[in-house]
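Chains A and B supply the protein sequences, listed in that same order.
Under numbering that gives the first Met the number 0, the residues of the first sequence are numbered 0 to 266, in order.
Under numbering that gives the first Met the number 0, the residues of the second sequence are numbered 0 to 380, in order.
Hint data in this document are derived by calculation from the structure and do not stem from the laboratory.
Every residue, glycine too, gets a C-beta built ideally from N, C-alpha and C.
Heads up, some of the hints might be wrong.
[Said to hold, decoys possible] Once the Cα atoms are required to be at most 25 Å apart in a straight line, the calculated DMTMM-like pairs of lysine to aspartate or glutamate come out as:
#1 B:K283 - A:E186
#2 B:K288 - A:D135
#3 B:K280 - A:D196
#4 A:K29 - A:D77
#5 B:K273 - A:D243
#6 B:K288 - A:E118
#7 B:K283 - A:D67
#8 B:K273 - A:D77
#9 B:K283 - A:D257
#10 B:K280 - A:D77
#11 B:K199 - A:E58
#12 B:K280 - A:D168
#13 B:K288 - A:D77
#14 B:K283 - A:E61
#15 B:K283 - A:E5
#16 B:K280 - A:E118
#17 B:K280 - A:E223
#18 B:K288 - A:E186
#19 B:K288 - A:E61
#20 B:K283 - A:D196
#21 B:K280 - A:E162
#22 B:K283 - A:E162
#23 B:K280 - A:E239
[Unchecked claim] Computed footprint of chain B on chain A; a stretch qualifies when at least three of its residues, placed anywhere within it, have a C-beta under 8 Å from a C-beta of chain B:
#24 17-28
#25 50-57
Take a look at the letters that make up each chain.
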Amino acid sequence: MSAYFETFNLGKTYKTPKGDAVIVKNFNLKMKKGEFVCVIGHSGCGKSTVLSMVAGLNEMTEGGVILDGNEISGAAPDRGVVFQSPCLLPWMSAWDNVMLGVNQVYYHATRAERNQIVEYYLTAVGLSGSFNKKPDELSGGMRQRVGLARAFALSPKMLLLDEPFGMLDKLTKFELQGVLLELWNREKLTAMMITHDVDESIYLADRVIMMTNGPAAGIGDILEINLPRPRDRQEIMSQEQYYDYREFLLNFLQERADEGKEERSAA
Amino acid sequence: MSTITDTTKGAVPKKFKSKKLLIYNPNRVAHTLDQLGLGYFSPIARLVGGDEPKKQLREIVSNTFLPLLAFAVFIGIWGICSQFVVSDSTRIPSPAQTWTAWQGMVDFAEAEKIKEIEYYEANEERALKMEAKAKVAEEAGQTDRVERYNGMAEKFRSKVYQGATTFFDQIGISLITVAVGFLVATLLGVPIGILCGVSKRVNIALNPIIQLFKPVSPLAWFPIVFVFTTWGIEQPESTSIWQRALWTSAGVVTLCSIWPTLINTAVGVASVDKDHLNVAKVLKLGWFKRIWKIVLPSSLPLIFTGLRLSIGVGWMVLVASDMMAQNQGLGKFVWDMYQNGDTQSTAQIIIAVFFIGAIGFLLDRIMLVCQRLVTFEEQNI
Chain A
0 MSAYFETFNL GKTYKTPKGD AVIVKNFNLK MKKGEFVCVI GHSGCGKSTV
50 LSMVAGLNEM TEGGVILDGN EISGAAPDRG VVFQSPCLLP WMSAWDNVML
100 GVNQVYYHAT RAERNQIVEY YLTAVGLSGS FNKKPDELSG GMRQRVGLAR
150 AFALSPKMLL LDEPFGMLDK LTKFELQGVL LELWNREKLT AMMITHDVDE
200 SIYLADRVIM MTNGPAAGIG DILEINLPRP RDRQEIMSQE QYYDYREFLL
250 NFLQERADEG KEERSAA
Chain B
0 MSTITDTTKG AVPKKFKSKK LLIYNPNRVA HTLDQLGLGY FSPIARLVGG
50 DEPKKQLREI VSNTFLPLLA FAVFIGIWGI CSQFVVSDST RIPSPAQTWT
100 AWQGMVDFAE AEKIKEIEYY EANEERALKM EAKAKVAEEA GQTDRVERYN
150 GMAEKFRSKV YQGATTFFDQ IGISLITVAV GFLVATLLGV PIGILCGVSK
200 RVNIALNPII QLFKPVSPLA WFPIVFVFTT WGIEQPESTS IWQRALWTSA
250 GVVTLCSIWP TLINTAVGVA SVDKDHLNVA KVLKLGWFKR IWKIVLPSSL
300 PLIFTGLRLS IGVGWMVLVA SDMMAQNQGL GKFVWDMYQN GDTQSTAQII
350 IAVFFIGAIG FLLDRIMLVC QRLVTFEEQN I
């Protein structure tokens with residue numbers, strides 16, 4: 000079966016006076032349609048660079064990306080992005096923030112249809128009482144809900160999430176992971192999420208991609224998460240498998256951390 | 000963890016919401032007053048709400064009496080000056096003399112107003128008489144006379160009173176002049192500023208010109224603007240307010256007040272949050288939509304900061320440019336009084352100074368309110 004999404008030798012190199020700084024090299028990943036993949040790695044390893052290249056916000060210097068049979072070039076609404084900070088436009092209400100994208104993608108739809116789309120997604124993320132609130136009237140978690148609604152409302156071919164819950168407290172994070180999974184269960188979007196939270200990646204992903212440390216970071220290992228869906232946090236945490244996955248991922252990260260230390264002491 | 004169903008409970012029925020607004024919330028009212036630049040009244044609003052009455056009373060007392068005290072000291076120093084500061088023909092008028100001069104100005108303006116009303120009433124009366132005659136002529140079938148009488152009635156009605164210009168007329172002219180100058184500065188400054196902010200090349204190209212002309216005094220601009228208005232604007236009838244002098248003065252205001260708007264707009268547009276531009280990229284917004292939906296709203300606070308500075312500069316420059324252009328505004332008033340050179344006229348100049356200050360303050364406050372209305376709370380999580 001051919002892949003729905005594929006990166007081929009994806010790489011990023013910055014030219015510096017001291018020579019080339021290779022951030023990411025030979026990043027090869029294939030994804031099936033409707034697959035949820037988490038990318039984990041130490042901070043600064045280049046995982047966000049991979050995502051922003053796929054999003055088209057950062058130019059790739061090597062390789063290419065194919066989505067649904069087409070090579071991507073530049074950013075477009077067929078890849079919905081949820082940023083680390085929600086990036087809402089502060090002068091627009093939650094409604095208008097979502098509508099901005101909907102207008103862009105569904106320009107052929109009637110006003111009523113577009114209203115319906117915005118209402119559906121804002122309600123789905125649990126904001127039915129806050130349509131007209133401005134971002135500064137919303138809590139951090141609620142803002143990111145709008146961010147999720149905005150990305151999903153584009154009906155993108157692929158969903159790209161760049162540590163979307165990294166700035167939230169643990170409780171809010173749990174809530175929003177639930178919101179994300181529920182939406183994803185409905186739409187079965189192909190999703191790539193950057194995170195450094197091991198538990199989050201096991202809870203959400205079908206596969207966890209472990210990235211090696213930079214420079215020239217690539218894929219170190221891939222872990223299949225064979226937990227049944229729809230997932231319930233309590234239920235999966237009661238399974239032994241969960242802790243095997245967890246240990247495997249933590250070991251990987253620990254090894255990379257040790258490697259980093261050795262390199263530093265050698266230098 | 001079924002948050003989706005949980006949070007829908009958060010929907011507040013509309014009825015409840017409107018009820019909540021009716022309850023007097025001293026903090027909200029005080030905050031609104033602060034926003035409107037009426038911070039003086041916010042402790043009163045809090046006091047009405049019963050919020051820490053002692054603290055509010057203390058604040059009201061100090062907010063009222065400290066400025067009054069300073070003002071009393073100022074009046075005292077002024078009074079002392081009026082005793083000693085003397086030139087050949089004039090002296091610094093005392094506060095009392097200034098007050099008398101002010102009353103004289105009001106009386107004069109009132110008398111003028113009455114004269115004007117009487118003038119129009121008398122003409123209306125004449126016009127009615129002519130129309131009555133026209134009617135008589137019509138009944139008699141004298142068509143040529145009808146036409147003549149009606150023509151005369153028309154003439155009486157169209158007569159414009161040409162009395163002396165009062166101080167208050169001159170304030171009006173000044174406000175119109177500064178409004179015209181400021182409007183033109185805004186219509187030029189904001190678009191050019193946007194271009195400078197969007198395109199680095201335009202910015203590089205225009206920056207030397209901006210830096211070169213920004214510090215130029217209105218007195219230096221005047222002769223150049225004068226040549227332009229003399230060339231481009233036909234002198235209207237003397238009854239029209241759109242005199243060439245007004246355009247000249249407004250032109251000087253434009254040239255001096257355009258820079259803060261232009262520069263602040265350029266900075267605002269150039270410093271739009273990169274995250275917001277990423278949103279535009281992901282949504283593939285077109286150029287115009289990007290400017291209209293993302294760049295402009297996000298730079299509005301800085302644009303309005305620029306506009307506020309501009310109107311301040313414009314008003315300050317106005318008096319000088321009115322003097323030079325002989326525009327019938329406050330500048331001309333000050334100049335004419337200065338030419339009179341007696342103590343009475345100096346007292347009138349002092350009145351003009353107070354008015355210039357008060358109007359400048361008001362304009363600034365109006366712009367401050369506009370500025371606060373467009374400023375959104377920054378997202379910070």
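Hints the structure violates: just list their numbers, smallest first.
-> 3, 5, 9, 12, 17, 18, 19, 20, 23, 24
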